[in-house]
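Student: Chains as they are written, first to last, in my numbering: chain A, 1 to 418; chain B, 1 to 418.
For the record, the hints were derived by calculation from the structure and aren't laboratory data. Be aware that one or more of the hints could be misleading.
Short derived list, chain A residues pointing at chain B, Cβ under 7 Å [as the list claims (entries may be wrong)]:
(1) 31
(2) 35
(3) 75
(4) 77
(5) 231
(6) 264
(7) 285
(8) 296
(9) 395
Predicted model, so just to flag it, every value in this text is computed and none were measured. For each residue, glycine too, the CB sits at the ideal point set by N, CA and C.
Number of protein chains: 2
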Amino acid sequence: MSASVRAALIAVGDELLSGSQSDTNSSYLARELEALGIAVLSIEIVGDDEPDIAAAVLRASARAELVLVGGGLGPTLDDVTRHGIAAAFGRELHEDAQALAALRAWFELRRVPMSDTNRRQALFPVGARILPNRAGTAPAFLLEHEGRAVAALPGPPRELRVVWAEELVPWLRARGWLGAPIDERRFFLFGIPESTFAERAGAWMAREAEPRMGCTVRDGTLTAVLRARANSPESLAALERRVAEFRARFSAEVYSEHEWDMEHALARELFARNVTISLAESCTGGLAQGLLTRVPGISRVFTQGFVTYADEAKRSALGVPSELLRAHGAVSREVAEAMALGAARVSGAELALAITGIAGPDGGTSERPVGLVWFASALRGRVQSVERRFPPSDRDSIRRWAARMALFLGWKRVCTAD
Amino acid sequence: MSASVRAALIAVGDELLSGSQSDTNSSYLARELEALGIAVLSIEIVGDDEPDIAAAVLRASARAELVLVGGGLGPTLDDVTRHGIAAAFGRELHEDAQALAALRAWFELRRVPMSDTNRRQALFPVGARILPNRAGTAPAFLLEHEGRAVAALPGPPRELRVVWAEELVPWLRARGWLGAPIDERRFFLFGIPESTFAERAGAWMAREAEPRMGCTVRDGTLTAVLRARANSPESLAALERRVAEFRARFSAEVYSEHEWDMEHALARELFARNVTISLAESCTGGLAQGLLTRVPGISRVFTQGFVTYADEAKRSALGVPSELLRAHGAVSREVAEAMALGAARVSGAELALAITGIAGPDGGTSERPVGLVWFASALRGRVQSVERRFPPSDRDSIRRWAARMALFLGWKRVCTAD
Chain A
1 MSASVRAALI
11 AVGDELLSGS
21 QSDTNSSYLA
31 RELEALGIAV
41 LSIEIVGDDE
51 PDIAAAVLRA
61 SARAELVLVG
71 GGLGPTLDDV
81 TRHGIAAAFG
91 RELHEDAQAL
101 AALRAWFELR
111 RVPMSDTNRR
121 QALFPVGARI
131 LPNRAGTAPA
141 FLLEHEGRAV
151 AALPGPPREL
161 RVVWAEELVP
171 WLRARGWLGA
181 PIDERRFFLF
191 GIPESTFAER
201 AGAWMAREAE
211 PRMGCTVRDG
221 TLTAVLRARA
231 NSPESLAALE
241 RRVAEFRARF
251 SAEVYSEHEW
261 DMEHALAREL
271 FARNVTISLA
281 ESCTGGLAQG
291 LLTRVPGISR
301 VFTQGFVTYA
311 DEAKRSALGV
321 PSELLRAHGA
331 VSREVAEAMA
341 LGAARVSGAE
351 LALAITGIAG
361 PDGGTSERPV
371 GLVWFASALR
381 GRVQSVERRF
391 PPSDRDSIRR
401 WAARMALFLG
411 WKRVCTAD
Chain B
1 MSASVRAALI
11 AVGDELLSGS
21 QSDTNSSYLA
31 RELEALGIAV
41 LSIEIVGDDE
51 PDIAAAVLRA
61 SARAELVLVG
71 GGLGPTLDDV
81 TRHGIAAAFG
91 RELHEDAQAL
101 AALRAWFELR
111 RVPMSDTNRR
121 QALFPVGARI
131 LPNRAGTAPA
141 FLLEHEGRAV
151 AALPGPPREL
161 RVVWAEELVP
171 WLRARGWLGA
181 PIDERRFFLF
191 GIPESTFAER
201 AGAWMAREAE
211 PRMGCTVRDG
221 TLTAVLRARA
231 NSPESLAALE
241 RRVAEFRARF
251 SAEVYSEHEW
261 DMEHALAREL
271 FARNVTISLA
281 ESCTGGLAQG
291 LLTRVPGISR
301 VFTQGFVTYA
311 DEAKRSALGV
321 PSELLRAHGA
331 VSREVAEAMA
341 LGAARVSGAE
351 LALAITGIAG
361 PDGGTSERPV
371 GLVWFASALR
381 GRVQSVERRF
391 PPSDRDSIRR
401 WAARMALFLG
411 WKRVCTAD
């Protein structure tokens with residue numbers, strides 16, 4: 001076993017270089033590699049161009065033992081990754097009879113006629129090891145060359161993940177290339193600005209600190225990563241001490257040590273305590289429920305939700321009194337609370353969350369600006385509410401943040417049974 | 001004006017290299033640059049490490065006139081982009097008094113105490129031009145060095161976009177660096193597999209074809225890009241001819257020539273024809289409504305939607321008869337149609353869309369496998385329905401695809417007024 005194997009990632013596609021699509025495969029592979037103890041040295045993006053791909057493969061294989069190339073294995077004529085890798089190492093392409101047969105079988109099974117262009121998916125550089133792709137038509141492959149390994153993986157994320165997990169990881173293990181991962185811990189915090197976090201974290205974030213700590217912010221969520229400097233007993237002990245200190249210092253903000261997705265943290269508590277839930281959304285228009293129902297098996301605790309965009313819908317679907325709407329406006333504590341109580345009553349859920357706000361770009365006033373959102377939660381008839389003013393920005397950001405805020409408030413109420 | 005200016009992008013962040021976050025800034029910048037006629041040669045991702053950043057900046061400035069570095073300008077100690085760029089060109093960092101005053105004013109305006117760590121955001125390489133950041137606390141900067149320009153932009157996408165549009169684009173224009181963009185056209189298609197598309201497109205996709213054509217697939221949507229080879233009259237005429245041929249050949253599948261987002265295509269038709277809409281969702285749990293309500297001003301045509309996850313909710317909220325649910329099951333033509341008619345009746349909308357399916361991972365049977373989804377639409381009382389079997393994959397993919405499919409069906413019905 002060699003702990004010194006390093007990886008370089010290459011993502012192929014004009015659509016990535018022109019920005020019409022963003023590269024999610026590399027972050028997936030980087031995450032996986034890191035968990036397996038293989039450091040990622042670089043990520044590079046190149047277009048659908050044979051010489052560019054060949055040059056990037058040579059650059060990457062000059063510095064890393066393992067090169068993963070994602071994308072450009074499809075059936076269309078702009079898919080030239082196989083050509084680029086072959087060119088990099090001076091190999092020919094040949095059609096593999098077994099791969100062609102598997103390709104035909106894939107189409108027959110699905111009763112879809114196989115296009116002639118699909119045949120190019122049975123082309124491989126001479127000497128390549130074919131990696132079957134259970135999830136799609138593009139078989140992947142692996143080429144070893146002078147102690148380096150270059151793997152070509154399909155671009156569709158689902159297919160890339162299947163080939164990675166089912167083919168490449170076992171190969172890396174057999175090859176003895178999986179190192180000892182550097183231990184790290186993650187904390188996911190909601191509702192704390194980055195500068196406040198930095199001040200409260202203090203010297204923990206210094207560049208030379210042990211363990212090393214980094215943080216990032218997205219959709220109102222701050223992710224803090226603590227990473228040991230080495231696999232030594234001292235480094236690991238320092239990591240454990242810092243983890244305990246971190247938990248104590250940020251107990252009010254940490255909602256998970258496992259995952260960014262708030263909906264999973266909430267669902268776990270709902271499942272554990274057998275609490276049923278409903279949601280009533282105005283400005284978020286179904287986004288919070290859309291998040292919650294990502295969780296498999298959520299039907300155990302979620303049966304019904306409400307998207308009440310207009311005042312009349314708040315009245316008819318949730319029984320919000322017209323007087324409240326008239327007196328306080330739809331974006332108010334009173335209406336948020338009535339929405340939550342109404343959602344609980346109509347659905348029969350123990351916990352109901354309500355969101356009503358101004359997502360913009362229009363509809364704001366000086367008193368009720370774009371970014372103002374009222375949240376309410378009703379737990380077994382007891383209602384709480386809170387107002388938040390999101391810095392005026394784009395509609396999407398405000399809505400995403402508000403949906404996650406509602407789930408966070410629900411999580412807090414369930415955890416504290418308050 | 002020089003049409004030969006090229007750009008290289010660098011995204012900075014351990015979170016990008018470790019995969020805990022993916023780099024969306026580079027795709028944004030690539031899109032913008034391309035539209036301004038500046039070709040993007042490469043995109044590279046490096047960690048929060050001063051020497052790595054310095055090396056990447058030198059590599060990038062060796063091949064491109066314009067280098068854009070995104071991220072690593074925050075207030076925390078792991079933000080070292082300013083140090084890396086200064087090191088690359090052998091410059092010192094100094095604290096800018098005016099930037100510090102602006103920083104203090106920003107915090108005062110928001111009545112948030114300014115942390116000491118925020119002071120480092122007033123540090124700049126000697127000789128740098130400061131680019132104000134209206135959207136956040138991290139000022140950006142631009143450094144010219146031997147005919148090259150290196151700009152450091154804040155990592156949060158909203159801030160990066162503001163500084164890009166308000167500061168950097170005007171600077172590029174004044175510098176005469178905006179070239180003539182190569183003309184391209186996009187088509188967005190739904191419901192056509194990539195291999196079928198490739199076969200029907202035929203030689204249009206050949207690597208040497210004029211115009212050049214590429215395609216990508218995501219969430220059931222195929223994006224085809226046709227790009228002229230040059231700015232010559234011949235190339236542009238060839239592009240126009242191909243655009244006309246493309247429209248004719250794929251008229252049944254193209255839903256937009258402007259944007260990927262199906263909800264905008266649908267909303268545009270609803271607005272133009274003054275058609276009101278409602279949605280009833282089961283397996284998608286609010287996702288389709290969440291998409292539709294992304295559109296600003298959607299309240300003109302959307303007042304209310306339904307998330308009826310359990311059978312009982314379909315009965316009580318939409319009036320789906322218990323007998324139908326018992327006889328056919330929740331995932332059936334009969335129930336989808338009853339959901340659509342119920343949503344139209346309760347909401348008063350002219351058009352109602354319904355989605356009921358099995359998103360998995362559990363709940364599938366051999367007769368009704370995971371991935372089976374029934375869609376129905378009711379337009380002024382006339383109902384249509386269709387079944388789709390999505391290849392069994394992950395829950396998220398099935399749900400996202402189903403939500404977009406429902407919007408596509410709605411778009412088709414409104415367009416054909418059928």
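Student: Are the hints correct? Go through all of them and say.
Tutor: Hints, verified against the model:
1. 31: holds, 3 Å
2. 35: Hint on residue 35 (chain A): violated, closest Cβ of chain B at ~9 Å, above 7 Å.
3. 75: holds, 5 Å
4. 77: This hint holds: residue 77 (chain A) lies near chain B, its Cβ roughly 4 Å from the closest one there, short of 7 Å.
5. 231: Hint violated; residue 231 (chain A) Cβ to chain B Cβ min 17 Å, cut 7 Å.
6. 264: violated, 12 Å
7. 285: holds, 3 Å
8. 296: holds, 5 Å
9. 395: Holds, about 6 Å.
Going through the hint list in order, the structure does not satisfy hints 2, 5 and 6.
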